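2 protein chains.
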Amino acid sequence: MADTDPLVIFTPSGKRGRVAPGTKVLDAARSLGVDLDSVCGRRGVCSKCQVAPSFGAHAKHGITVAEDALSPVNAVEERYDRVRGLKPGRRLGCQAEILGDVVIDVPPESQVHKQVVRKRAEVRDIVLDPAVRLHYVEVPEPDMHSATGDLERLLAALKAEMGLEALGFDGALLPSLQKTLRTGKWAVTAAIHRDGPPTVIGLWPGFHEAAFGLAVDIGSTTIAGHLTDLASGEVVASSGLMNPQIRYGEDVMSRVSHAMMNEGGAAEMTAAVREGLNGLIATLVGAAGIAAGDILDSTFVMNPVMHHLFLGLDPYELGQAPFALATGAAQRLRAADLGLALAPAARVYILPLIAGHVGADAAAVALSEAPHKSDELVLVVDVGTNAEILLGDKTGVLACSSPTGPAFEGAQISAGQRAAPGAIERVEIDPVTREPRFQVIGSDLWSDDPGFAEAIAGTGLTGICGSGIIEVMAEMRMAGIVDAKGLIGTAEETGTPRCIADGRTQAYVLWAGDDAHPRITVTNGDIRAIQMAKAALYAGARLLMDKRGVDHVDRVVLAGAFGAHISARHAMVLGMIPDVPLDKVASAGNAAGTGARIALLNIGARAEIERVVGEIEKVETAIEPRFQEHFVAATALPNSADPFTGLRALVPLPEPHFSGGGAGEEGGRRRRRKRD
Amino acid sequence: MADTDPLVIFTPSGKRGRVAPGTKVLDAARSLGVDLDSVCGRRGVCSKCQVAPSFGAHAKHGITVAEDALSPVNAVEERYDRVRGLKPGRRLGCQAEILGDVVIDVPPESQVHKQVVRKRAEVRDIVLDPAVRLHYVEVPEPDMHSATGDLERLLAALKAEMGLEALGFDGALLPSLQKTLRTGKWAVTAAIHRDGPPTVIGLWPGFHEAAFGLAVDIGSTTIAGHLTDLASGEVVASSGLMNPQIRYGEDVMSRVSHAMMNEGGAAEMTAAVREGLNGLIATLVGAAGIAAGDILDSTFVMNPVMHHLFLGLDPYELGQAPFALATGAAQRLRAADLGLALAPAARVYILPLIAGHVGADAAAVALSEAPHKSDELVLVVDVGTNAEILLGDKTGVLACSSPTGPAFEGAQISAGQRAAPGAIERVEIDPVTREPRFQVIGSDLWSDDPGFAEAIAGTGLTGICGSGIIEVMAEMRMAGIVDAKGLIGTAEETGTPRCIADGRTQAYVLWAGDDAHPRITVTNGDIRAIQMAKAALYAGARLLMDKRGVDHVDRVVLAGAFGAHISARHAMVLGMIPDVPLDKVASAGNAAGTGARIALLNIGARAEIERVVGEIEKVETAIEPRFQEHFVAATALPNSADPFTGLRALVPLPEPHFSGGGAGEEGGRRRRRKRD
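Residue numbers (the numbering used here), protein chains in the order written: chain A, 16 to 691; chain B, 16 to 691.
Hints may be right or wrong, so weigh each one.
One copy or any two copies: either way a pair holds, since identical chains are not told apart in the list.
[Claimed, not checked] In silico DMTMM-like cross-links for lysine to aspartate or glutamate, where the CA-CA straight-line distance does not exceed 25 Å:
#: 1; residue 1: K409; residue 2: E630
#: 2; residue 1: K633; residue 2: E124
#: 3; residue 1: K174; residue 2: D210
#: 4; residue 1: K174; residue 2: D42
#: 5; residue 1: K562; residue 2: E278
#: 6; residue 1: K633; residue 2: E156
If you are wondering where the hints come from, they were derived from the structure by calculation, not from laboratory data.
Note that the structure is a prediction, hence the values are computed from the model and not measured.
Working from the sequences, and respecting the hints, build out all of it.
Have a look at this one:
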């Protein structure tokens with residue numbers, strides 16, 4: 016371009032260059048590599064290319080922009096403004112021509128690859144680049160002189176506009192094709208699915224803007240769905256439901272058993288989860304006030320057993336060594352083939368499984384937490400009935416699954432319950448008086464605050480949830496009520512009447528009960544259940560550290576609902592996770608769900624996680640003798656000799672050795688792994 | 016290779032070359048470009064590579080083959096011979112090693128691209144190269160130390176053996192995958208579909224040889240299916256049934272009307288034809304004694320309305336100008352998606368439609384008769400309710416459809432009936448006495464032969480079929496009973512009492528009737544109906560000749576069931592088809608069905624017909640004024656002034672001009688086209 020040609024500067028990117036006078040803003044943006052959207056083929060219909068020119072002096076850029084730096088508003092822009100409204104000062108990039116030096120701001124909503132901001136500082140934002148994109152197109156009418164099908168003309172028009180060699184068309188759209196074209200007077204909006212051979216998977220008469228996606232985490236217990244606007248990345252509705260398969264078994268292995276013991280059992284469970292998902296979809300569609308037919312894409316994560324049952328595969332082989340998956344690869348399917356009530360040609364993407372016990376949920380956690388991009392060595396733990404554990408950094412990632420059992424979810428605990436109003440979730444025990452105080456879910460009051468009685472009249476006081484169990488047990492250890500082997504001392508040994516005899520062992524009375532609420536104790540059986548669970552978790556992490564040849568990690572990420580509520584300090588007191596400074600422990604919340612949403616919003620993330628999963632070193636705890644060793648060693652509760660960096664100064668751990676009960680022996684015995 | 020290396024000569028190809036001593040016969044064949052099959056990856060399981068070495072002196076090739084020119088029969092060959100049997104003298108090409116000069120015959124069954132011979136001299140044989148091929152493979156067992164899915168290991172093994180970059184797997188096979196692998200002890204046979212991205216569409220434990228395909232012609236009236244062995248090209252069973260859609264309307268336009276007038280009418284007809292097809296499949300499977308699960312591929316041809324109804328598309332647009340097809344492109348679908356009871360992942364290929372009135376059946380005729388490869392200018396006519404007409408040679412092909420109506424099928428004819436036992440199919444009228452004689456379907460006797468009365472006691476004598484009508488009308492014309500305008504003369508004018516008054520016109524008594532069989536006459540209305548039909552047919556052909564700029568063609572092919580039975584001489588007397596020497600008229604039989612079978616047996620034929628259809632010049636008779644002109648001109652019956660090359664000498668046509676009836680006027684009036 017000549018030096019006398021207009022200079023155009025795009026903000027916020029700062030990209031600049033000279034263009035021939037009369038160049039359309041959209042063309043200038045494209046030629047300078049500026050991220051400016053457009054879906055209507057420059058027809059002034061979609062307004063995705065709208066920009067905000069700035070007139071006057073721009074000291075920063077050393078230019079002054081004249082009022083006539085752009086061509087006057089033309090008829091197409093006037094029509095758009097009249098019909099759909101254009102913000103003051105905005106121009107359509109496909110219409111406005113550059114006549115003089117100009118500074119043009121591209122507002123976030125006009126960027127093709129918008130950033131979807133995530134709250135935590137240590138994770139990257141999501142770049143919006145979904146697998147499905149809408150494209151408005153005008154189609155030539157049929158003509159007896161040249162006999163071509165409506166479909167062939169539609170595809171030719173789309174291919175020409177999008178510069179595609181080949182473009183498929185989902186057969187589910189064929190029956191309505193002719194009517195859609197005629198209703199739209201030969202102008203239609205097509206949804207193009209680009210994950211695989213480009214294919215039309217949606218078609219509406221005229222200009223259509225709505226396109227949604229669904230990200231789903233199918234847990235053994237809970238199914239959570241997030242309905243997301245594919246244009247903005249915004250979650251427009253979230254909802255969860257109990258996995259309806261629960262009636263066939265609480266955990267995955269009892270569901271595998273159900274499939275093995277009952278003819279048609281697997282098919283029953285497949286039908287149940289799909290039906291549940293359709294209920295969830297209906298709820299989300301209702302909550303967001305959108306049409307199910309506008310949900311064009313979906314991503315799913317789940318553990319291997321949920322994966323097989325969702326796909327209609329018998330999980331039989333997952334119930335026995337060598338735990339062979341039917342398939343672990345990422346799946347690209349049609350929602351209709353899974354019986355899901357989304358748009359007729361909507362797609363399903365299931366993230367890859369990592370191994371026979373490490374699922375797509377763990378892959379999604381890896382996508383969300385990106386250990387493979389971390390400079391620091393990070394341990395990511397997703398705690399559930401099985402704990403999925405990732406350890407790695409830029410140089411490589413290892414993964415394993417460890418059978419923690421359901422104790423962390425409140426099962427196998429005498430007063431255990433799910434996290435719900437009325438459950439004890441926070442506990443402190445005075446190390447001197449050994450008197451407890453606690454908080455229940457649904458109230459901010461501590462149990463020794465005035466008004467607590469009124470508060471629990473509202474919330475109830477019914478038991479202890481998983482995070483509460485971790486806290487009470489760690490506090491009991493720190494207060495010298497429990498010894499390193501996990502034995503609760505007697506009233507004499509501990510000096511508190513809250514320690515009471517409970518069969519051959521002792522129990523600690525956390526809440527004495529009142530007329531309306533039962534007594535809540537922590538039994539030695541509860542302690543043992545948590546010892547088993549935390550030992551399995553720690554042994555898994557430790558095994559990966561051995562494989563990696565390290566004896567510490569730089570940081571720890573706790574994922575999952577349990578991980579979100581757990582107190583890192585108490586978890587380290589118990590020896591659930593390796594010791595790191597407290598500020599190096601982060602909670603990632605529902606990282607599996609976040610990973611599903613990333614795969615929904617960014618097509619490149621799918622290739623990324625498939626590559627990463629292929630590169631992850633899978634470690635099968637069941638065949639690693641060192642896992643057993645670590646497990647046995649990890650049943651003990653750490654004492655003050657442990658390198659408790661952040662904690663030792665906090666509380667000097669007493670070193671009692673109690674007499675009662677047989678936990679020492681039992682703790683040393685390897686609990687039978689359910690999946691063996 | 017060194018001059019001292021063994022010389023190997025393959026017959027019948029004659030390909031020869033020197034190979035290193037110890038080279039396997041299969042490898043030698045591959046390196047010399049000899050067509051030698053193998054599906055089991057050289058495991059000595061499939062025997063597809065078996066060859067017949069010839070020992071002793073070979074004067075023709077100038078070599079003598081020693082007994083030790085090949086390595087001795089090895090353990091693999093012994094096992095195969097013991098278990099499955101090997102013909103005497105045969106060797107397995109994947110086992111036998113070339114040690115000295117040798118002549119090796121590749122028997123036809125060992126060729127990958129066998130020739131399937133067609134009976135007619137003027138058409139090419141079919142080269143066997145179906146879209147589906149079987150491949151035997153051994154799959155590594157799962158291993159806890161390297162967690163990969165069964166599917167991923169299967170695909171990796173197949174890709175390595177077949178040298179494929181990517182290989183898909185049909186989801187319908189996933190539920191049975193794990194069991195199949197284990198039943199086969201990690202050896203399975205996979206069916207690979209190669210028309211599109213290569214995909215596994217069948218899987219059996221161990222070695223499996225059966226693979227079948229189905230070629231179907233869905234006519235408006237009749238559905239015909241041919242079950243074909245994909246390994247040999249042999250038709251193992253054929254069957255036909257009435258199209259169950261007939262209850263919604265006899266012809267395509269009445270079915271379009273049914274769809275337009277009745278909510279859900281199109282869906283009803285879609286369900287009817289698919290149900291009918293499943294009945295046909297069951298019949299074929301039973302007749303051939305095979306498993307439906309071994310039918311892996313299928314091809315379909317049909318007219319555009321049958322096409323849309325089969326695919327579940329409303330044919331509404333085909334009932335009105337501009338006769339816009341929803342899609343005309345070739346379709347590659349899954350049989351399950353069309354509700355067809357073939358193998359779970361079987362495929363469907365539907366040949367491309369040519370235009371709004373020229374269907375995939377016409378495309379199949381083009382594939383079978385290959386006008387685009389003809390040196391001579393050939394006219395191909397497929398006569399049905401609509402006649403599809405192709406005209407062309409190597410330099411280009413034109414196509415049109417002409418609305419002949421159902422007269423040629425015996426409808427609209429007073430004594431007309433379908434071609435079935437008891438129908439008159441051959442007629443001669445003595446030009447002097449004007450006395451007729453005829454043959455009926457089901458008997459070889461002429462009506463003036465002794466024993467005819469007994470014969471029709473068996474067959475019945477119930478009416479005249481389409482080819483019989485052509486003959487009687489042409490004979491009436493040649494005998495001077497009908498004049499050029501199509502009027503039947505009175506008894507006085509013709510001198511035969513067989514001409515009787517019939518309202519305002521005359522009728523000719525072909526059969527006076529007896530106690531058991533009704534009188535059969537040819538009325539002036541019958542003559543008029545055939546005049547309309549043949550004029551439409553001729554006008555279509557003539558229009559294409561105009562477009563091509565010619566006034567004669569080199570040869571004529573009559574396709575379809577009607578075309579197979581029609582007498583070319585009589586058709587030319589009537590002026591149905593342009594005049595060519597009689598030996599230049601061929602009957603192609605069910606060319607549409609043959610085209611479907613070619614597309615089933617040769618994957619390259621699919622690309623060929625898609626290219627040819629794209630290049631065919633489509634002519635829409637409805638908007639061509641010259642079609643009307645030709646139609647009006649063609650209602651007349653040719654007289655002796657016509658250039659009847661082969662016929663003029665045969666019979667000097669009398670030139671009567673009869674008085675009775677108003678056929679002259681009516682014949683000139685354009686019959687309303689049903690589709691207008």
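To see whether the hints hold, each was checked on the structure:
no.: 1; hint: K409 to E630; result: within (12 Å within a copy, 56 Å between copies)
no.: 2; hint: K633 to E124; result: neither (41 Å within a copy, 48 Å between copies)
no.: 3; hint: K174 to D210; result: both (17 Å within a copy, 22 Å between copies)
no.: 4; hint: K174 to D42; result: within (19 Å within a copy, 45 Å between copies)
no.: 5; hint: K562 to E278; result: neither (42 Å within a copy, 68 Å between copies)
no.: 6; hint: K633 to E156; result: between (57 Å within a copy, 17 Å between copies)
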